[in-house]
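My request is simple: use the sequences and hints to build the entire structure.
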Amino acid sequence: MKHDHPNDPVEKWLREDASQGLPDAGFTERVMAALPPAQAARSRAWKPLLILGSTGMGVLLAITCAPAATAMMQGVADLYSFRGVTPAVLGLGAAILAAAVGGAILAAED
Amino acid sequence: MVPKAAAPTDADLILAARTRQDRAAFDELVRRHQSQVRAVLRRLTKGDHGLADDLAQETFVLAWRRLDAFRFEARFSTWLYRIAFNAWQSEARKKKELLLEDAAVDHPPEIATPDGAPSSVDRVDLERAMACLSDGERAAIAACYYADLTHEEAAESLGIPLGTVKTLVLRAKAKLRARLAVKKEA
Chain A
1 MKHDHPNDPV EKWLREDASQ GLPDAGFTER VMAALPPAQA ARSRAWKPLL ILGSTGMGVL
61 LAITCAPAAT AMMQGVADLY SFRGVTPAVL GLGAAILAAA VGGAILAAED
Chain B
1 MVPKAAAPTD ADLILAARTR QDRAAFDELV RRHQSQVRAV LRRLTKGDHG LADDLAQETF
61 VLAWRRLDAF RFEARFSTWL YRIAFNAWQS EARKKKELLL EDAAVDHPPE IATPDGAPSS
121 VDRVDLERAM ACLSDGERAA IAACYYADLT HEEAAESLGI PLGTVKTLVL RAKAKLRARL
181 AVKKEA
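So the protein lines, in turn, are chains A and B. The first sequence begins at 1 in the working numbering and counts up one residue at a time. The second sequence begins at 1 in the working numbering and counts up one residue at a time.
Source of the hints: derived by calculation from the structure; they are not laboratory data. Where is the CB? At the ideal position from N, CA and C, for every residue including glycine. Incorrect hints may appear among the rest.
Said to hold, decoys possible - In silico lysine-lysine, DSS-like type, Cα no more than 27 Å apart, as pairs: (1) B:K46 / A:K12; (2) B:K46 / B:K166; (3) B:K166 / B:K96; (4) B:K46 / B:K95; (5) A:K12 / B:K166; (6) B:K46 / B:K94.
Claimed, not checked - Quick partial rundown of chain A residues pointing at chain B, CB under 7 Å, derived from the structure: (7) D17; (8) A18; (9) L22; (10) A34.
So, in structure tokens, the structure goes:
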């Protein structure tokens, strides 16, 4: 900070006090020991990708294997052939939206 | 003779720490900034060195976790002080309501200032005098003198208006002058 009154004794005391450094005395070692492991920090970046990726895989599995698979596949077929917004397309969209919102919420938790 | 390599800048160390998780680089950043961060927190905590060091440790651990959020728009030290002020404010709120903006802040300081202020004071006297300031006054002095922030940076870091920072600094200095002069006369 620029000091407006360099001759002001209070400014002089404060400047002198602030300029006296504090010895480390093991402080840095304590901080470094308290840091989270590097692996945990790195995994933070991957966590949203993993969650969203596994959610996408879950949606695919649900579409192909679940009892409602026929309706889901019908929705995909309807979309592919531009048949408009059929009930099957609505069902498929809702399933994907629900899974995506759930995945995004989980990913944003971090 | 081989010239000695220049020491890495804060920016070099930050990039190494956040791209490679380089703990040695972060270790160097802590060594460079620990003194000022701890000094600021000692003033904010009224000289409670143990609490100040705990908050300083919390500050650096949070900085490590949030290093990706540092945008190089301000000095690294300014960013650290912002974290430190937040840590202090959270701690202070646990104990009581923190009052950074005093009710009478619109009025200029009206504190009798004895003539013949002493030419020097020792650190303990100054620490005791600082402990008698209000939270807002102490925070403004810590930000502007110990953290070496401009009034504008201090206002941003503390989350209070610029005019309030200026008034708090003026009033704090008047109080310190009066208290330390009386102490010297006694």
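Status of each hint after checking the structure:
1. B:K46 / A:K12: holds, 20 Å
2. B:K46 / B:K166: holds, 21 Å
3. B:K166 / B:K96: Holds: B:K166 and B:K96 sit about 25 Å apart, inside 27 Å.
4. B:K46 / B:K95: Distance of about 14 Å is within 27 Å: holds.
5. A:K12 / B:K166: Holds: A:K12 and B:K166 sit about 18 Å apart, inside 27 Å.
6. B:K46 / B:K94: Holds, because 16 Å separates the two Cα atoms, which is no more than 27 Å.
7. D17: Since the shortest Cβ distance to chain B is 5 Å, the answer is holds.
8. A18: holds, 5 Å
9. L22: Status holds, d = 4 Å.
10. A34: With Cβ-Cβ at 5 Å, under 7 Å, it holds.
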